Amino acid sequence: MSIDTATVYERDPLRPLRYMWRVPLLLLHILLGILLCSLMLSWNQHVVMENGKEPFAHRMIRWWSTQLLRVFGMRSVRFGEPLADPVLFVANHTSWIDIELLHSQRAACFVAKAEIARWPLVGWMAATGGTIFHRRGSNHSLSTVMQVMVERLHGGRSVAVFPEGGTGYHGVLKTFHARIFQAALDAGVAVQPVALRFARDGRRVIDTGFREDESFVHNIVRLLGEAPVDAEVHFLTPVPASPDARRRMAELSRERIGAALEDRAE
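Per our numbering, residue -11 is the first one in the sequence shown, and the count goes up by one each step.
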């Protein structure tokens, strides 16, 4: 379904006013993020959770991500409880904001496309936060990524992945790739599905993610003017380990996330 952006903007007379205060706040928040990343580099950025207690660096990441969401008019809301580190989180994916949304509830090492590493500032901040970069379409890169994932999990860090292999559009949940689940099996950790859902007045909003052919910058500009929404993080029941059935683990994760994304009957 095509969306007439100009028409949408005309229906929201408050959009220009939101830009007036959100843009300066975003710039200030980015500067704060640079400072925090610099501090993390000077400290031990690979600290891990002990006895279920988050290290200060992880709490700092969660705080910064929560405040970034607020700059965009998003209120982070958690449902369910995340497992203690280390765990493999698998989530649906619609845009870059998904990373910050999950980070608002639990600091984890994300697997992201290699192109992000070359983005000015964003790439550096992502690398500082422990992002694992993957060249899509490269089996060699995937093997290396899987090895690093297992190392991070063995080291006590949680890892978050988007099994769809890319962003979905119009609220469609794509097929989950099963191979990525092998990292959890090799590391002997649990797999917890996470549904990332945006809602306004309890109803799902599917236009918060990327639109087809929409650039990263265009998406940021559009979201800065949007009306407030609830950004929901649903930590779901872990899927049972199935060494001989990674596909079943992927399908079950997708089923649970899909059910959590649906609007509830009134």
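Hints may contain errors.
The calculated label-pair distances, taken between Cβ atoms and stated as ranges, are [said to hold, decoys possible]:
#1 Phe44 to Leu2: 45 to 53 Å
#2 Glu69 to Asp174: 39 to 47 Å
#3 Phe67 to Pro228: 43 to 51 Å
#4 Leu27 to Ser230: 35 to 43 Å
#5 Thr163 to Asp201: 16 to 24 Å
Since the hints were made in silico from the structure, they are not lab data. Small disclaimer: the values here were computed from a predicted structure and weren't measured. Ideal placement from N, C-alpha and C gives every residue a C-beta, glycine not left out.
Hint-by-hint comparison with the structure:
no.: 1; hint: Phe44 to Leu2: 45 to 53 Å; verdict: violated (38 Å)
no.: 2; hint: Glu69 to Asp174: 39 to 47 Å; verdict: violated (25 Å)
no.: 3; hint: Phe67 to Pro228: 43 to 51 Å; verdict: violated (21 Å)
no.: 4; hint: Leu27 to Ser230: 35 to 43 Å; verdict: holds (42 Å)
no.: 5; hint: Thr163 to Asp201: 16 to 24 Å; verdict: holds (22 Å)
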